[in-house]
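Number of protein chains: 2
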Amino acid sequence: MALRHYILDFNLSAPADYPSTVRGLQSIFQEQEMTETVHDTEGHGYLATFIGKNGRFLLLRLHSHGLVTLDLQCCEGDNTAQVDNLLNALEKKMKSLLHGNIRRVKRLPALTRGAAVDRYWPTADGRLVEYDIDRVLYDEDSAYQNIKILHSQQFGNILILNGDVNLADSDLPYTQAIMGGGKENYTGKEVLILGGGDGGNFAEAVKLKPKMITMVEISFGSLRPVDVLLQGFVMSSPWFWFWTHMRKTCGSVLDNLTGDCYQVLVEDCVPVLKKYVEEGKTFDYVINDLTAVPISTAPEEDSTWEFLRLILDLSIKVLRPTGKYFTQGNCANLTEALTLYEEQLGRLSCPVDFSKEVVCVPSYMELWVFYTIWKK
Amino acid sequence: MALRHYILDFNLSAPADYPSTVRGLQSIFQEQEMTETVHDTEGHGYLATFIGKNGRFLLLRLHSHGLVTLDLQCCEGDNTAQVDNLLNALEKKMKSLLHGNIRRVKRLPALTRGAAVDRYWPTADGRLVEYDIDRVLYDEDSAYQNIKILHSQQFGNILILNGDVNLADSDLPYTQAIMGGGKENYTGKEVLILGGGDGGNFAEAVKLKPKMITMVEISFGSLRPVDVLLQGFVMSSPWFWFWTHMRKTCGSVLDNLTGDCYQVLVEDCVPVLKKYVEEGKTFDYVINDLTAVPISTAPEEDSTWEFLRLILDLSIKVLRPTGKYFTQGNCANLTEALTLYEEQLGRLSCPVDFSKEVVCVPSYMELWVFYTIWKK
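Line order of the protein sequences matches chains A and B.
Going from the first sequence to this note's numbering is simple: count from 1 and add 37.
Going from the second sequence to this note's numbering is simple: count from 1 and add 37.
There's no promise every hint is true.
The list treats identical chains as one, so a pair stands whether inside a single copy or across any two.
With a straight-line Cα cutoff of 30 Å, these simulated DSBU-like cross-link-like pairs (lysine-lysine) come out [what the hints assert, rightly or not]:
#1 K143 - K129
#2 K393 - K413
#3 K393 - K90
#4 K129 - K311
#5 K248 - K318
#6 K354 - K220
#7 K393 - K220
#8 K412 - K130
#9 K244 - K393
#10 K143 - K318
#11 K285 - K311
#12 K412 - K393
#13 K244 - K285
#14 K312 - K129
#15 K246 - K285
#16 K361 - K248
#17 K285 - K412
#18 K285 - K220
Just so you know, these hints were derived from the structure itself, not from any lab.
Looking at chain A on its own, in the form it has when it is part of the complex (with noise of 0.2 Å):
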């Protein structure tokens, strides 16, 4: 059972009488038969908390410099429409105390919290979000990583991997993107996916008649490898309930693991990378789907961009001349860290050039930045 938590907010012009204010709002606290304590603050303010019927909660903060704020928690049976009054009420009541002193009142949502479907994935930037997301589909460990994939009333399914939002039925803008935002022709060429295992770009690509796609994903063999050995996702397989949950995204291309213009690796990529360097492959397109750009230098993430160099290092030797390299890089707000990026591609053993775009992904409530890279 969840708890909802209100929160009601007044800006004053000048701080209020702790007295006159507190017993002005007395009779609505008695008429709840709420059990009040005044706690001591030592001078920061009053503070008061009150214990109500059926688990309620509630605390009237007066801040000494102008701002009273109120928190009321109750179990998720309670009635909403008596705790609905119980603010008006409230509101009502500060409102005349106050009146003329107000400079702003504000109620929030209440947050809903403990509930079996969560429904706040914050931001890459770090601010808090809240979904409308009423159904959980698939909640799995893999070796690598945390997999959910939760329905959401506008944007379908999203997946989130470890608790970051990364794709939703709704986000083929970020397929577009990541693609080359629908500037270029892949009919007849040669493309390489690293990761991408939601399979978006993926049956995008396979749409456009390309040559050859080659996708390398390792996290598809990562819960039960001996199912993806089948070449075929027999429903025994965690990934079977993963992509009936993904389809509107990854549609039945990748119920086999090759076709006529495909091929998929269930492999790490380095490797598979290293070797197309030895023997000289190369693509048109190399996409790398595989994870954001790290946001931070800090000594635990060093090993993380080095990581990212090294694909980057890899998939530029494995371009064509006139190939294009396509990536996310991540949040628009994240300057810092798409600076260290756009370092890292100056460090690469061949020059290149980069371009990048802002595009809106539906799901993220974020803008998100795209890089195109190629040889100089």
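We have chain A; now place chain B onto it with these hints.
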């Protein structure tokens, strides 16, 4: 000075043992020199509050159904590294006390309450979302509504009317959608725009070389009509500052109320539409950018629906037989509101058909529905 509110929740497989859990956390609270109060919840789990230094307040609840919630409130000036350490210590301790029993740990990005710059602007479907707002550029009450222009790092300047996000610099997709989704040829056409005071679709339409655009926007004159009547927005007009901040959206086209192919009427659109109907004046395109569809049929909304139907009826009357009427609906999740709107379309004096499109408007953080309506 704002309040930072941290939330840290634990979903358990089975209810926690109160005494041992509380005893286990005690050393942390003692180290922080927090004063504890244990409250009688009348059988609704364990609830303790703690008052610490510098106005810190902590609430610990062990709910009887296997949920543990922690709230920590600190003043804005508090040492965030120390606060993070405290939360880390609590999380670590809980994990060691309840290892194996924890199904989920959820730590939300801290809420900032009562800050000068408000970052929380809920979606039309009532979800809590935090924006990357860093500055308030404009905040005035007109005769009709509160008008704010806030600066978002990623979306640019955002116009907020009565607390609803209306249009940001990033939102060309809104303008394109309400002009027919880029599928229309405006060259040589006669266009009527109702509302749209931000100038977005007005500026966009002017670029498309129509014969004549007439925009009817009442609120231009709402703050200081005298400035508007000067036919040119002198610096003394609040609208001058408004358009300074919305310049990326509206360009310079609204610096004057008339131009080669346009005129702006600072009037209520209803009498203007009635006059056009009487005169037999017609248009190729009517763009209704007045307001979103009302979200209910509650009695207080009756007049809103009536107003909406009146404008719709008059607009269809001034539409040429091959003409099109474009308007926004509401967010995709408010299906009831959209259905009600579509019912209105069956009740017009002239029979119409319609199509709708779901569009991602970057700053909205929710998908939005747009309608195209034409005479049968």
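### Message
Within a copy, between copies, both or neither: which one fits K354 and K220 at a CA-CA cutoff of 30 Å?
### Response
within (23 Å within a copy, 42 Å between copies)
### Task
At 30 Å max between alpha carbons, let me know whether K143 reaches K318 within a copy, between copies, both or neither.
For K143 and K318, the Cα distance exceeds 30 Å both inside one copy (61 Å) and across copies (46 Å).
### Alpha-carbon proximity context of K361 and K248, limit 30 Å
Within. Shortest intra-copy distance 16 Å satisfies the 30 Å Cα cut-off; inter-copy 44 Å does not.
### Message
Treating 30 Å as the Cα threshold, decide for K143 and K129: within, between, both or neither.
### Response
Within one copy only: 13 Å inside, 33 Å across.
### Query
Quick one: K393 to K413, C-alpha cut-off 30 Å, is that within a copy, between copies, both, or neither?
within (16 Å within a copy, 46 Å between copies)
### Task
At 30 Å max between alpha carbons, let me know whether K412 reaches K393 within a copy, between copies, both or neither.
Answer is within; shortest intra-copy Cα gap is 15 Å, inter-copy 44 Å.
### Identical-chain pair category, K244 with K285, by Cα at 30 Å
Within. Shortest intra-copy distance 14 Å satisfies the 30 Å Cα cut-off; inter-copy 37 Å does not.
### Query
Checking K412 and K130: alpha-carbon separation at most 30 Å within a copy, between copies, both or neither?
Neither, since 68 Å and 52 Å both go past 30 Å.
### Query
Between copies, within a copy, both or neither: which fits K248 and K318 at Cα up to 30 Å?
Answer is within: at 14 Å inside a copy they meet the 30 Å cutoff, but 58 Å across does not.
### Query
What label fits K393 with K220 when the C-alpha limit is 30 Å: within, between, both, or neither?
both (13 Å within a copy, 27 Å between copies)
### Message
With identical chains, the pair K285 and K412 could be close in the same copy or across copies; at 30 Å between alpha carbons, which is it: within, between, both, or neither?
### Response
Answer is neither: 35 Å inside a copy and 35 Å across each miss the 30 Å cutoff.
### Task
State whether the alpha carbon distance between K246 and K285 is at most 30 Å within one copy, between copies, both, or neither.
within (20 Å within a copy, 40 Å between copies)
Going down the numbered hints, you'll see the structure goes against 3, 4, 8, 10, 11, 14, 17, while the others check out.
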